[in-house]
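J.: Once you have looked at the hints, place chains B, C, D, E, F, G and H with the ligands on chain A.
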Amino acid sequence: MGLIAERSLIELRFHGRGGQGAVTAAHITVDSAVRDGFWGTAFPFFGAERRGAPVAAFARLSRGRVMTRSMVRNPDVVVVLDPSIMSYVNVFDGLKDRGIVVINSPTRPNISREVKLYTVNATRIALDLGLVLAGWPLVNIAMVGALSRVLGIRLDSVLESIRNMLSGRMAELNVTAAERAYHEVSEIGGG
Amino acid sequence: MGLIAERSLIELRFHGRGGQGAVTAAHITVDSAVRDGFWGTAFPFFGAERRGAPVAAFARLSRGRVMTRSMVRNPDVVVVLDPSIMSYVNVFDGLKDRGIVVINSPTRPNISREVKLYTVNATRIALDLGLVLAGWPLVNIAMVGALSRVLGIRLDSVLESIRNMLSGRMAELNVTAAERAYHEVSEIGGG
Amino acid sequence: MVKLTLTGNHCVAYAVKLSRVKVVSAYPITPQTTIVEKLSEMVDSGDADIKMIRVESEHSALSAVYGAATAGVRAFTATSSHGLLYMHEMVWWTAQARVPLVMAVVTRTIGPPWNIWTDHHDIMGQRDTGWLIVMAETNQEVLDETIKLFRITEDPRVFLPGMVGLDAFILSHTVEPVEVPEQEVVDSFLPERRQPYTIRFGDPLIMGNIPSDLLLNAKMRWDVHEALGRSTQVIDEVDREWGKLTGRYYGGLVECYRCEDADFLFIGAGAWVGDMRLAIDKLRDMGYRFGVLKVRYIRPFPGARILEIARGKKGVVVLDRSISAGSAGPIFLDLAAYFQGKNVTIPIKNVVAGLAGFDVNYEDFVKIGERFVNEVSEVGWVENHLEFYPLR
Amino acid sequence: MVKLTLTGNHCVAYAVKLSRVKVVSAYPITPQTTIVEKLSEMVDSGDADIKMIRVESEHSALSAVYGAATAGVRAFTATSSHGLLYMHEMVWWTAQARVPLVMAVVTRTIGPPWNIWTDHHDIMGQRDTGWLIVMAETNQEVLDETIKLFRITEDPRVFLPGMVGLDAFILSHTVEPVEVPEQEVVDSFLPERRQPYTIRFGDPLIMGNIPSDLLLNAKMRWDVHEALGRSTQVIDEVDREWGKLTGRYYGGLVECYRCEDADFLFIGAGAWVGDMRLAIDKLRDMGYRFGVLKVRYIRPFPGARILEIARGKKGVVVLDRSISAGSAGPIFLDLAAYFQGKNVTIPIKNVVAGLAGFDVNYEDFVKIGERFVNEVSEVGWVENHLEFYPLR
Amino acid sequence: MEVGNPLLPLSRPKIGVQGATGSWRFRKPEIDQGKCIGCGICWLYCPDSVIDVEDVGGRFKVRVDYVYCKGCGVCASVCPTKAIRMVSEV
Amino acid sequence: MEVGNPLLPLSRPKIGVQGATGSWRFRKPEIDQGKCIGCGICWLYCPDSVIDVEDVGGRFKVRVDYVYCKGCGVCASVCPTKAIRMVSEV
Amino acid sequence: MTIRDLPREKYVLPGNAACPGCPETMGLRYVGMALGRRAILVIPAGCTSIIQGLHPGSGLSFPIINVAFASSDAVAEGVAVAKELLGEDGVVVVWAGDGATADIGFATLSGAAERNGNIIHVCVDNEAYMNTGIQRSSLTPKGAWTTTTWRGKTESKKNMPLIMMSHGIPYVATASVAYPLDFIEKLRKAASMRGFKYIHLHAPCPVGWRFDPSETVEMARLAIETGMWVLLEAEKGKITISPPSRPYIDKSRRKPIVEYLKRQGRFREISEELVREIEKEVDEYWSTILKLSS
Amino acid sequence: MTIRDLPREKYVLPGNAACPGCPETMGLRYVGMALGRRAILVIPAGCTSIIQGLHPGSGLSFPIINVAFASSDAVAEGVAVAKELLGEDGVVVVWAGDGATADIGFATLSGAAERNGNIIHVCVDNEAYMNTGIQRSSLTPKGAWTTTTWRGKTESKKNMPLIMMSHGIPYVATASVAYPLDFIEKLRKAASMRGFKYIHLHAPCPVGWRFDPSETVEMARLAIETGMWVLLEAEKGKITISPPSRPYIDKSRRKPIVEYLKRQGRFREISEELVREIEKEVDEYWSTILKLSS
Ligand SMILES: Cc1ncc(C[n+]2csc(CCOP(=O)(O)OP(=O)(O)O)c2C)c(N)n1
Ligand SMILES: Cc1ncc(C[n+]2csc(CCOP(=O)(O)OP(=O)(O)O)c2C)c(N)n1
Ligand code: SF4
Ligand code: SF4
Ligand code: SF4
Ligand code: SF4
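Protein chains in written order, with our numbering: chain A, 2 to 192; chain B, 2 to 192; chain C, 10 to 401; chain D, 10 to 401; chain E, 19 to 108; chain F, 19 to 108; chain G, 598 to 891; chain H, 598 to 891.
Keep in mind that the hints were calculated from the coordinates and are not lab data.
If you're wondering where the values come from, they're calculated on a predicted model, not measured in any experiment.
A hint or two may mislead.
Residues from chain A that face chain F, not an exhaustive set, calculated with beta carbons under 10 Å [what the hints assert, rightly or not]: (1) R51; (2) A54; (3) P55; (4) R64; (5) R66; (6) I86; (7) F93.
Even glycine gets a Cβ: it sits at the ideal position worked out from N, Cα and C.
Same shape as in the complex, but just chain A:
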């Protein structure tokens, strides 16, 4: 029994860079939750993404149908795929009080806000598995693994969803990545 079962609506924001798969991460998150019997929507920040530029994606998870279609203005959860963008983008913008932040980071980041902080070294996982495209570690799916643990989505649902969305070797590598991240994610406590 995790967060997802406790709240009627969870709003999430994913931060990454163009080409890093933040939208796919949001999609798989929703798809997994749906497999667990929840409802969800996911959508990109509607802009012209360029490879490498900071981008955001959004998701909403809920017990019943999600009615609102507007932008997520005050997320409950923020997922940071790429910690380096934190020096350019205020990833905490609008985050609810005592909100949850899941960061891809090898170390404990320095955060001057009261949040529930989780980290996982998704980059390490990706590099270990050889999940690299054009020099970029592919961390997005690993982050979904970590996030699912935080939210209380069943890991099996996540793995099913990955296998459904991807195929072949990419699917299997990402399944492994998600599993590892699921287990390696750790809570750091307020910053």
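T.: Only chains B, C, D, E, F, G and H with the ligands this time, still in chain A's reference frame:
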């Protein structure tokens, strides 16, 4: 003092063939009447004319502004530029009782309707003057000359109008044609 | 002032020349063609100092005059029916670019089947785009409104393009007496070209890149609507001034004929208003006190002006020469919705007639008027607010 | 029935495939592109038995599917914004040719400035053309309506083309759970292709030459309007049957949420209706009894159905995501004019919001609702029936 | 709604769709059967399909349908033996 | 309504219109001034105008504006003396 | 093939709405003779829209889709694709004027050509917009009067055959109403090939060019004999000059160009200088096509 | 001209919205270097619309009219005509992608060319619709993957330079982002001529072609070295091969075409047979242009 001054509205229909200038005839008729202080409108039958095909044009003459813009359904006056089309087209269609008919014809045509009939040999006039284009005698302006007499439009107004609309040799030949037709037109009486 | 007998299309050409338009680009289509031909003739004979761009389509025609206008000169185009539809994207574009320019639309129905006769589907289909739209009843009005539109569209309170509509054949190809003003009169009336911005060599001004502030962008769009609102006053001023100069004042957004003491009104736009005038004279002879309210401006829609005049009447017949299929005639929609918005309850009947060029004249209007009075007095309202004429 | 999480655009692609469309032709434009891409992928992977014509423009896209449809097969296209404007001539053409076909329109605002976000100017601008127009609120509805449209447009009582509108990004690119029906279900629902005539080799049938009888031609045009009228029943039947097959019945032309006991209604179309639902729940908590009436079909305009539901209410707010500049929002115009025609006096407020993609959510609707109730109770009517949101 | 419904914009082929187009004529082709060698060239070029040919012993017998002949004169101009003469009807 | 009115769709040139695009980078060009022969080829090809050159005694002195350099690596690939090396920043 | 071999069924019916001496009806008759009941015609706005006469009759006896001005090749490709899916066999022909082909419809044409859509496009080239009353098109020749070029067009005729060859389509041919057998053979050849076929038919129009309607064929023939118009075929970038034009490879056998120009009212006011310019352009064109036929 | 002679003013500003390694910004920088403050740019929808970044700023420092996709050459001609009337001197440049040039906007382009409108049209050819996410255009080469040709495009790249030469305009040239000085010289030459000038700029796009952004210039150069793209100029129908391509007139000096193809992700699944077909087409193209340069 002719017909034009007597009636509040005179509706005219001109019959000819595509290329024969029925529209121009209607236009000059109106233009001449306007020079005499009347109001008038003239318009073609709105169709895709082909050279040689029977066509019609319309005009309305009036003391005050002509308000209606609809087709002339019941003309007071019918002008036939080319008698040969009378075997294909019912030029009397809708003509008002005791309506006026002005025909380009060397002879008295056989007409089984009660009309006020005028004829003028406009073809002869055109051929005499060498008003011929691609084998066709140009009778349209001569017919305006004849018509103006019937309606009571001043010949000077017609000649002015011709000179204004056409230029050079064509203007002068047509002025002569209109003058001749004005003087040569003759009333035949009911048919 | 010379009095000439001119077709509606030649009136357009004269107006364009008198307005000292610098660039014309247009593509032939029946029944607009004689506008382009006349202008070409004027240009080629040295009679008009205009540069013609003889484009390969209507989309390009409006694009070319848009380019010329953005670059700083007065520009004009003309089209009809399918031509208007083909340039539709640019119709939207030019309004939102806030570039003043003028277009004549010879209103013609839309195919298939191919059909060159008048109805108003083409021009009414542009009523969302942000253009001013004025419909002419007579050739004189065609000439006058074309000239005035340059002044109105170039007014800083407006800065939008505008179109003048004239009915296919029954104006475009019909000659009637027209007073053509002297060049000096028009010169005194039309100021130098004004526009909100001009693209110039050496001045890096960028038009049209993606907005960062969507609310600001929404406000840009709303300002197109507001500018149309502001234009109502401009139209009034300009119409009055033209009236003073020429003696021809049309009443601004709408024109009335025997409205004051009328119980019932015909409301419509375009050339057939002449037949409405005749019809109401007959209807009055028959004991029905009708008046005619001519909607000159379709955009801005003169709801307030119409209401002022219609308030207190026993009934109104709105005659539309097009239909927004699946709803009703567009003038009716604008008008009835406006009345609803002001909580005015007058029976309004929408008669859709004259589609596809089907000829409608004063006799038809007499029938329509008579029927309407009977219906209203029997039912107390209208049985069916939308009717096709002639009824099957 | 499989439950998948899909974007609105992928729902369109699935629906097209399930409807056994034979020919697809479309031209890329953001945010429609992923429809074409997905279909291309399905075709190239052998997943769908469709022939794609990869044209060079939207005018040609609609032309190509028009040709295919006239020749006898089920055909589909999709576009958005400027693409829709660019094919505008063919939008008119296909309706008057009476050729059933289906188009998805990802609603996007119109430039300049370039802007890819949603509003409804593009699709609402087609409301005169004779097409059926249905607006979706959810991805499920996108999928369902696309399938149903084939059935409705190919019904002999209708025989007109139809478009389904889905909001840019907030449907087109948003994933949510969708039930995708089995092929057999769709097969049992959709009959073989029917159309009023088919061009065949060896059979000299001529489509579209000039009419001799203008009244007959006028009646052809009127029949487009009448066919839209007839489609109301077809839509109802089809929606019920689909409901039986899938458990998803939407109410035909309109859908209601808490309308019965409401004093006030929000009326609107498209994706933002979800936020209206949320808003009225909150408004009810605040003591204002609101309901939501979702206009599913823009054409045929469901005036009668809306009136049935709205009759007796204390007030109505019509939310338009576009404006007919110089008049008012198009849904408002259709609706208020209809009410006027039926002599129904309910205060109606037209709020034009969400232009150019400006985000509007349930909080905004709460504000709008509250303000409206206050205004109506103070003024007894509305002060100004047209308002831009957010107010300056 | 199906083929035959008058509200559909459909037509069928019809001889004389524009009426008796012979009335457009102001000159008329007359064939001198003596000069005619039956080559069929006039038939080949007549823009209006109003020349009909019949095979008679390896030669074409040529006939003009004057109800529809518009009098263009193309037949006369292409005839290699000048067997066709355009005669004025004005 | 004139230039400057916010309701007109007009823009003016601006450095950094898309923000500090250096943040897009995951690798960084480092110039080995020892190897650099000052030919200016990197300046010529840099797609983003973020290489600035200064004429110093008939040779170009080259400097990268890292605030905006997107790290594409074009400069490195065109440098004839391989004086530019792309260094990972991930 | 001789005249005797041609079918006699009428596809252009007597009593249609064309002008006397119309080159378009001539051409349509040849399309009927070449393809007969195998053809569906797609016809954009132009004189042929009128020629059909008034609904509910038609002066043409083909299956016809009249279509919007700029849409024809796309519509035709749609028809062709559908017919192939339905297993119905025949030839889809776009019959389009010079305006529909080379101006407003040019992107549509070029797009279908690039996709190698399986249709035949026939451009019936009367060198102006005749249907709307003789306005300039991009295929109007230099110096010609039209109602939008009162002092003669200042630009040269766009070279559509060459442009279409540059599209690399399977078949490009030129034809003339004066050489019906040549045109019919080319149509049949095109119909036997798969992919996009372009045939450009030279069609002198008495109304627009201002000559007597009896001279339509003569005028078309003069265009060949003066070398102003060249009959050819191009397959895979290789040009073959067709028999009627072969004699005129030898410039000395060509008639002087003025003989063609002076017969037409539209060139009445052409200057000698312009005539020389046109002569030069004709020579250049011949030299280009001869290069490409080597 | 050497690098040293080039102006240093920035027309493409740092911090614009282009992808890393973008060939379009490269090209725009050369336009700035060639024409500087003399240019007004007319830009249809495409990547360059995005590259400018968000209102009210712009990453490009030219006077720019962004225009509807199919309208650019007509808008540009309107601007040019107006500026001439106003007596303001400068160069109006259409900067359009391959889609805007050769597909939806082709009739507009061709029309302006036929009228000999006084503008320069630069086609920046990245061989697909990149702005909307890599869809096929008529200039996408045979065999290339795009999101609308998952198994590779089956048709050949439309030959725009040849087609524009067939328009008989005063100046046609091809260029490449790998040869900036050549491009700049051609732009300046075009700017010095009156009438319609067409320059086709080959612009390899890392995003759409699937190669590392550092390789943009390399890829462009390989196109020249393999003979896939030929730098040339054509004036009055006569072709001159430009210096960078001259060595490759000699086929033996060309690199094998696979060296170019295999470097790009979009050709990953191309068959050997198709490669041979492409080779054949390249040879044919060379033979055509060599004929026309003689
Ligand atoms: C979009 C659009 N623009 C203009 C027209 C008007 N129009 C109809 S036919 C025609 C000219 C046709 O010229 P061409 O293609 O050369 O054929 P021709 O009439 O000479 O046979 C024009 C301009 C139209 N129908 N549609
Ligand atoms: C009428 C219309 N159709 C479609 C679009 C969508 N669109 C915008 S840019 C683009 C592709 C541009 O491709 P190209 O011209 O090759 O330029 P690139 O993006 O590659 O620079 C498309 C299809 C549009 N803006 N307008
Ligand atoms: S005159 Fe013309 S229409 Fe009559 S038969 Fe001869 S060619 Fe045919
Ligand atoms: S990496 Fe790219 S953007 Fe950075 S300096 Fe080098 S070429 Fe310029
Ligand atoms: S104008 Fe010319 S092409 Fe058109 S119908 Fe008449 S003769 Fe034929
Ligand atoms: S997609 Fe290609 S052409 Fe477009 S901005 Fe990115 S790199 Fe440049």
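J.: Now look at each hint and say whether the structure bears it out.
T.: Hints, one by one, checked against the model:
no. : hint : in the structure
1   : R51  : holds (7 Å)
2   : A54  : holds (5 Å)
3   : P55  : holds (6 Å)
4   : R64  : violated (38 Å)
5   : R66  : violated (37 Å)
6   : I86  : holds (6 Å)
7   : F93  : violated (17 Å)
Taken one by one, the earlier hints fail for this structure at numbers 4, 5, 7, listed in ascending order.
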